[in-house]
Structure formats: structure tokens, C-alpha cells
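**Student:** Build out the structure end to end from the sequences listed, making use of the hints.
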Amino acid sequence: MTDTTLFTVNNLWILVAATLVFIMHLGFSTLEAGLVRRKNAVNIIFKNVMILAIGLVSYYIIGFSLMYPGESWNGLIGFSQIGLSLPAGESIGYADGNYTYWTDFIFQAMFAATCCTIVSGAVAERIKLNSFLVICLLFVSISYPITGMWKWGGGWLDQLGFYDFAGSTLVHSVGGWGALAVVYLLGPRLGKYSGKRINPIPGHNIPLAAVGVLLLWFGWFGFNGGSVLSADPDTVSLVFVNTALAGAAGAIGCYFCTGYLFKSNDLSMVLNGILGGLVGITAGADLMSPFESVIIGVIAGVIIPFSVVFFDRIKIDDPVGATSVHLVCGIWGTLAVGIFGSMAGVAQLGYQAIGIVSIGIATLIFIYAITYIVKMTMGLRVSEEIEIEGLDIKEHQIPAYHDLSPA
Amino acid sequence: MTDTTLFTVNNLWILVAATLVFIMHLGFSTLEAGLVRRKNAVNIIFKNVMILAIGLVSYYIIGFSLMYPGESWNGLIGFSQIGLSLPAGESIGYADGNYTYWTDFIFQAMFAATCCTIVSGAVAERIKLNSFLVICLLFVSISYPITGMWKWGGGWLDQLGFYDFAGSTLVHSVGGWGALAVVYLLGPRLGKYSGKRINPIPGHNIPLAAVGVLLLWFGWFGFNGGSVLSADPDTVSLVFVNTALAGAAGAIGCYFCTGYLFKSNDLSMVLNGILGGLVGITAGADLMSPFESVIIGVIAGVIIPFSVVFFDRIKIDDPVGATSVHLVCGIWGTLAVGIFGSMAGVAQLGYQAIGIVSIGIATLIFIYAITYIVKMTMGLRVSEEIEIEGLDIKEHQIPAYHDLSPA
Amino acid sequence: MTDTTLFTVNNLWILVAATLVFIMHLGFSTLEAGLVRRKNAVNIIFKNVMILAIGLVSYYIIGFSLMYPGESWNGLIGFSQIGLSLPAGESIGYADGNYTYWTDFIFQAMFAATCCTIVSGAVAERIKLNSFLVICLLFVSISYPITGMWKWGGGWLDQLGFYDFAGSTLVHSVGGWGALAVVYLLGPRLGKYSGKRINPIPGHNIPLAAVGVLLLWFGWFGFNGGSVLSADPDTVSLVFVNTALAGAAGAIGCYFCTGYLFKSNDLSMVLNGILGGLVGITAGADLMSPFESVIIGVIAGVIIPFSVVFFDRIKIDDPVGATSVHLVCGIWGTLAVGIFGSMAGVAQLGYQAIGIVSIGIATLIFIYAITYIVKMTMGLRVSEEIEIEGLDIKEHQIPAYHDLSPA
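Keeping their order, the protein sequence lines are chains A, B and C. Just so we're aligned: 55 in numbering that gives the first Met the number 0 is position 56 of the first sequence, and the numbers increase by one with no gaps anywhere. Just so we're aligned: 390 in numbering that gives the first Met the number 0 is position 391 of the second sequence, and the numbers increase by one with no gaps anywhere. Just so we're aligned: 326 in numbering that gives the first Met the number 0 is position 327 of the third sequence, and the numbers increase by one with no gaps anywhere.
Hints were generated in silico from the structure; no laboratory data involved. A few of these clues could be false.
Copies of one chain are not kept apart here, so a pair can be met inside one copy or by any two copies together.
Calculated lysine-lysine pairs in the DSS-like style (CA-CA distance at most 27 Å, straight line) [to be verified]:
# : residue 1 : residue 2
1 : LYS393    : LYS191
2 : LYS262    : LYS374
3 : LYS262    : LYS393
4 : LYS191    : LYS374
**Tutor:** Laid out in C-alpha cells, this is it:
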């Protein structure tokens, strides 16, 4: 550390960024709560709160050591220790880094739980609480950190040349693949599909969902901006501009697309358009010009309505559109690194594809396997009776709202 | 740049401040959604989300270049380029500044959209969606940046001696004048005024409105604090103190005023009192002592109820009180720079008045003209049938809340 | 000041932390609003908004000078001046400090009002508005700063060796004792206790309460992180890790405890478990290892359900569980400094106990006395008629929600 003051600034920014990522959990909670029916709102919030708690503690116990093991077996898997401790012979501030060991942990820990929050929306309104929490525990403490190590921990994809700045693949599509695996084993909500008909099940509180999306965008400035891993003025400020423009362009792309195709102004679609744009820019937020960010965002915004329709056609019932936002736009954003920006090229596009496919397969297999085991042992789905009456009353003995009709 | 580390700190603060200003858009959205009827809640949120998206992208395309053109014709108008690019011969960090080019843009871009968000509240519950978005596009990309250039871009008002620290006039009263022009051409909501009677139309979700006001206050620390344009400890900390005290004093002034005059404890009035205090301190937050900030805030808080009554008397139907908060208290705050603080004086008061009047007239004419053209071509107001049934179902095919009565 | 840039960084962090503490007032408002009945939601928000305003202004007028008087009479009481002014012969930045005089004030001022916000939840749904505000005014401007001075202002407890990093005792248990005194004189809500039966009165909006808790956690990173009083990388990052893990562990401890004891998944209990963990780590967030923070949090999470049941048994009707969270876990966290971490020891445990008891007695006596006087003069409790019909309509002439049933 030659410059203590610069170290202090860099470290401070990562901590502030971690705080911003933290609030994304409130964003996910309110978004998902708003998009489910009132009878399941307490349940979805309960899950998201518990995921956050389990995510932080389990990432502390083993996740962080799996994701940043230092040494690994062929870049595939490694593990340093149970819990946190200072690397031998080093002070709390890394000798050659921009932030302390604790800062490193807390920024990564805030990320970890998000992959499960993505799943919770997709499986809402019919999964058993404790079964879901077991799946999440294994996802966040084993699966997510191992595939994450492949790139961010210096593993084989990193050595190959795969690039994923802040996690279009490592966080978002991983969450999306996980969601897909669980939804497949879980099945759609009762009454969602009757023969070829798709019955819309509208969310119960759209303003709450909108609060969630704007909180997510707010937190994304920390998610992407903190991923610079320093307060470097040039890079952080470019990342901010790109994050703002891609989200905005996602809304605009979706607005025109749904207005033209469906002749509608569907707020929940436009909100997902924003999220799509944000997921889309996440892999290359430091590589793109503002103009390229607008293009990437617009395309993500156009993808969203098509993807939502597609998943409904194949009867993947995802109440909040998480697979469209995080999986499909996560793939799009990862590929965009090979198409736009300072790393664009055919070889890079190939690396990006390898990263998407390998991480996708690994996550699908792992989450499918543990979900299958959970299904066979604990059971995966609540009874029809509970699903019809709602999980709030049956599993939590409390309704989300009480006595809301005017006095 | 002699001190890279200090540059990094200054730049970081402006980025964090931009993030805080960003969340003000959520504040406006929830405040306005809470104060309209449930049948129009989705519509107002849809507008605010689209304004934010349109504001960011259009400010990127032309707004920023109109507001900070470098050179201008007599300090009245100038334009540098389409989109963003680095000034010729300069690195991304300005040679003599406190932040990078991208940081400069993103902080200003977050501000730009707020002027339209002010309008959206005032015209709520009866304006056509696409007509409104066209007006906003022209407001945020042409009108707001040109009048903004007059002061912040080094234009004629800046040369004259007019002072507006963070935008009591350039942002808030500009939004207020725009609101006034559109409301005048739009007319009041059905049933608001019957003969001489004023029929109150209560907001549908007061807690949501309160969330909005506290988020706005939260963001205001970035709005005012970031306007220091560096992390200078003395100035930023004084601005924080003044922003906190003026908002608090606004609440207290309004509490006593409404308690004495109306014998009521009207929460929505006190919330607007806070906002009035914040708008009031915005023009001179760096010039005032804490004591002067309290006085400015108290007066703003007292102004609010009188102003709300006044606009209702002249049948300007503003569902959220935006004209009282942003126009009237924006004028008050701008004049206060000539009355209190380190720049007080008769000559300064004159400059302040010239700034208020010139920017007011320019904005009124521009917004009136484009709104008139929109009214003649696209139409301005939804049909009576839509207004009665609510814009949510008719324009968005979705209610804000679904199935909210207890199971 | 040898290093201006380091001073700028430190100062900036305290200001950002103050902003985070500010948003805790929104957290308290929404938590408490969600946990009361709909007929009193406007009232509780009105109170919290006014407390914030009164707290900031009265702390400016006398509170800050009582809490940091410079010199005091035997470490018990002191007072420097009315309002703020620069210490004689000093520039705005303290010669030997890490932040300016204004920064010092605003960070402390954001804390001050929280002690009353803790009370407001406990006395919800039956206290008279103006009586409550008078009690708060005296609490925040006289009682809280004097007991606060005993430790943070260099008073007798500080000299003794008592330790309270960010206020488990000085802020949280002080608020809890105040709540206890007022609730005792106020009595339970109508219908809460009938003979030996305890009738649950469920909150009206659980998602709103959850929003509150996650905003509080978010703000706690500023509450604890800012209490380092510099941006020192090692300490601030450790405090962040401990704050995150203790909150998470509180949720997990409470989840297992309520699941085992009550066979239920009670969201409001788990939310209070998070808050309990956060209050528990607050006294020693800079002293603990991450592992110790997890232990402290788990224990706090287990304490919560027992404490809630206990207070109901002794007929202390606290609608939001504020006494359990802030008083009981505040005591626990303060004692934990003597049990865990780098200061643990029997002597320290004794100092901690002395601090808890002395501050508890002083606060109880003061708040009991002023509440008693208010009860005898202004009256403390609304009429039965108002309590039954709800304070929103009767004291504020407005319902929290209007026309919420589907169109």
C-alpha cells in the first residue's frame, strides 16, 4: 500500500456499493410480492428475507472460500477454509489490493443471495417453504460459488478468456437456470394453463412491484459500479452512464415493442424491460460506449415480451418473468460482449458462448438433482388445498393485509 | 490534475449523489401514485417510469449538449454535438475539474427528468398517455436545457449575477411553470369544481405518498450535496445541515399553520410542507447559516397551505400540489438568496427576480405552445368515459390492486 | 489537518452514513404503519414525520450542545450554547478530527430522533397526538442528549470504562425505557387483554412492515459504519461484515426458535429477529469477530419471541414489539461487549451493567415524570370513541386508503 488515502477511497466505494446491492434484496422482495396474488404475499417476502439471511451466513461459512479459494483443482473447484480468516502473513488490507479482506467478503456476500432471489419469484405461489429454503441453501453455498469461481475466482473460464464484468452469466443467468430447473420439476400454478389456453393471473399490487424495480435499478449502480473493484474515476463513471442508459433503453424498447405488437401499455412488461436492459449491460458495462449501451438495452427491452410469451407457450409458469429477465437477457448480455464494445470479436463470442453453455449445464444439473432429491424426500409442492387458499394463511397464519376495506 | 486521489474522492461523491438523485424518481412516483385515486395509480407510475427513461436517453442525445454547449449565441442558446463524446484534446477526466466527463453527464441527466416528474403529478388522472410523453420529450430535451444553460451553462443570467445553487428556479419552478401551462390547457378533473364548490378528491394510499416524500428528502441530500460539484468538506457538510433543517422546518411551519388555520392535522399538507422547505433551501443551500435555513423552511411550510387553497380557488386542479411545492416555493427560495445569507442585497434580489421572471416566461411560452399543438393534433385529454372508469383499466388493462379484500 | 484528502474522505463517509441513518426514519415509519391497524396508519406516519422534524430542529437548538458540551459538571451535565456556532478560534474543520463541525452535528442529529421513533411504535393506536409530540420534544432535546453525554460526550460512564460503540444502550435501550414508561402510564389498547386472554391484533399491511425492516437494515450500515467516525478501511469493513451477519443470524435464530416453539413461520417475528440481531451487535460492532457476531445475532433472534410473549403476559401492550427489539436486545448487546470480543472480561461486564442500569433509571424517571405531567395536564389518551373509530379519521380527517376495493 503506497497510498493509504487512495486505499481508503477505493475501500469506501466498495462498501457503499455493497450497501446498494443490499437494497436490491428489498427490490426483489417488493417486485415479487407485488406480482403474486395477495394470498401469497407474506410467503414470498418470508422467503426472500430468509434467503438473504441464509445467503449471508452460508456464504460466510463456506461460499466465499469456494468462490475465491486461492488455489483450485484445474480451475474447476477449490476450497480454502471454513469461515473467514485473514490470509496467512497478511494484514487485513490486502498488500496489493484496493480494499480489505472484510470488504471483499461483504461485497461478494451481498451478490450471492441474489441468485436465489431470482428463483424465488419464478417458483412463487406453490412451493413448500422449507423445501425451497433447503434448495436455496445448497444453491447459494455450493453451486453458485463453484461456477462463480470458474471466472471470478481465476478458474478455467477466466483462463480461457471468457468475460463477465458484473455477472450477466455468473449471477443472473445462473439464477435463471436454477429457476428453470425448479419450475420444471414443480409445475405450473393451478389454473394457469387449461388445455391450450393461458390464463393470466395478475399481480395484486402493481405499485409495490414498481417500487421494487426502481429500487433494483438504484442498487444496480452499486452492483455494476462496485464491480470495478476500485473507485477509479474513468471506469466507475462510464459504468454508471452505461447502467443508467441501458435500463432506460430497455424501458423504451419494451414500450414500443408492446405498444406495436400488443397495442397495450403494460406496466409490468415495461418494468421487466428496464430489468432486461440492466441485466443485458451487466456483462460488459465497462467495455461499452454509451451508444452501444443504448443499443444493448433496446434489444433487451424488445426481447422481454417475446420471451415472456415463449415461456408461457411451453408452459413454464413464472409468475414474475424472472427467466425472461435474468436467463434470456443474461445470455443476451453475455453474448453482447462478443458483439459490441472494446472486446468484440468472433473468438470472444466463442468464449462467451462456452461460458454460457458450461455454466448453464452445470447449474441445471446441480439444481435439478438437488430439487429432485428434495421432491422425493421433503416434497416440493404444497397441497392443492393450501395453494387454493393461499400460503399466507396456511403456512404463516397471517394475511398480508388486514381490514383494508374503508372503515 | 495534481492530486489523483482528491480527484477520485470528488468524482466518487458526485456519482453517489447522482444515485441519490436517481431515487428521487421513485419518490415522485410513489408520492404521486399515493395522492391520486386507485383507478389511476398504474397510469401515473407508468408515466413516471417512462419520463425517467425518456429523460435519460434524450438528455444523452441532445439535452446535455444544449445545456453545456461550451460556446453559445449571446448566452442564449448553443449546441455542441449529438450524443456524448470527449471534448477535443482532453482525457476523460477534465484537466481542471473535480470529476470526469461521464460523471458530469450522469449527475446532470438524473436532474433533467425531474422537471417532467413535477408536471406529471399536476396533470394526473386525465391526460392522454402518449400526448403527455411527447410534451415531456420536448420539455426535457429542449426547454429545460436551454433555460438551464442561461445559468449553469454560463449563459446570460450567469453573467448577470443571478444565483441558483441547485435549482429552485432552474429545476423546480421550471417544472412548476410547465405544470401550470399544461394544467391550464387541460382543465380540471371531472367533478373537482361544481360552481363555487371545491370537492376534495382524496388520495388513495397515504402511506405510499409518505414513502415518496421521505425518499425525496433522502435523495435531496444528493441533489443539493452533489451540486457542490466536489466533496469539499466545509461546503458539502453545511449543505447537508441546511437541507435537513429546512425540510424539518417546513414540516413544523406547516404543522402550526394548518393546526391554527384549519384546526386539522393534515398529513398530506405536512408532507408538502417538507417538500416546500426543501425546494426553498435549494437555491441557496451553500449560502445560508443553519438558522437562516430554519427561517426559510418555516416560511415555505407556511406558504404551502395558502398556496394550495389559492390554486384551488382559481380552479387550477393540481392533484398533488406540485405547483405550490415546486413553483411557489421555488420562487420563494430563489428570492431568499437576495434576502438571507452571504449574498443578500437589493441588487442580488433584483437579479433573482430577473431570473425567475425570464425563465418563467420562456418556459410558459414554450410549454404552452407545444401543449397547444399537441392538443390540436393528438388531443390532450382522455374521454369522459375513460376518466370516469379510470386510466388504469382503459389504457393499461390492469388495475393497480387486485383482490385486495381479505380472502 | 496534515492530509486534506484523507480528511475529505473521512468527512464524506460520515455524511453518506448520515444519509443512511436518515432513511431509517422511513424504515421506522413503514414498519410501524404496517404493524398497526389501517384506521391508525396515517396517525403513526404523521407522528414519525413530526418526530423527525422536531428532533432535527430541537437537537439543533439545544440537544447537540447538551450532548457534546465540551465541559461538564462532574461528567453529569453540561451545556455549551443555544444553536450551532463554530468553537472559538477554530476553522469549520476540527483541527485534529476527521470531519467538520457541521458533519459532526448532522450525523448526531440523525441519530437523536430515532429514540422517539422507537417510542412511537410502542404507544401506537391510542396516544393523543400533541401530548405525544410534547413528550418527544423533551425526550429528544433534554433526556437523550444528557444520558448520551455520559458516554459519547466524555462524561462519567466514559471515564468509568463503559463501552457502547453505536448505541445499543445510548440509543436503543434509551428508546425502549422511554417506551416502557409511556406505555405503563398509557395502558393497553381497548380489547387487547380480556382477563387472562391476550387477543392478537394483527397489523394491517405486512409487506409495508417488511419494507420498513429492510430499510432499517440498509440504514444500519450507516448507523454502525458511520460510528467509526472515520472511513478507516479495517474498522469500517469489519463493522459492515458484523452488521450484515448479526442481522442475518437474528433472522435465522428467530426462524428456528419460532418454528420449534410455536410451529409457525411468523414473518413479523422473523422481521423483529433481524432488528434484534442488529440492535444486539450495535454496542460492539467494532470489537467482534464475524463468528462472534453470528452468535450474538442468533441469541438476539431467540430472545425476541420469548420477550414478546413476556411483555404480553405482563400486559405491556406494544403493538410493534419495540420494547423487545430495542430495550431487551439493547441490554443484551451492551452486555455482550463484556462477554465476547476484544474487550470481554468480568470488570468490563460490570461497567456495562452499570451503564445499562444508570441510563435506564435516569431515562425511566425522566420520561415517567414528563409523561405523568402531560397526562395530568394535556391528557395522554384519546377518548374511547376515537380509539374505536380510529385516529386517522378523527384526528386527521383522512383515511390511509381510499377506495381500495376493486373497481
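**Student:** Quick one: which hint numbers does this structure break? Sort them smallest to largest.
**Tutor:** none
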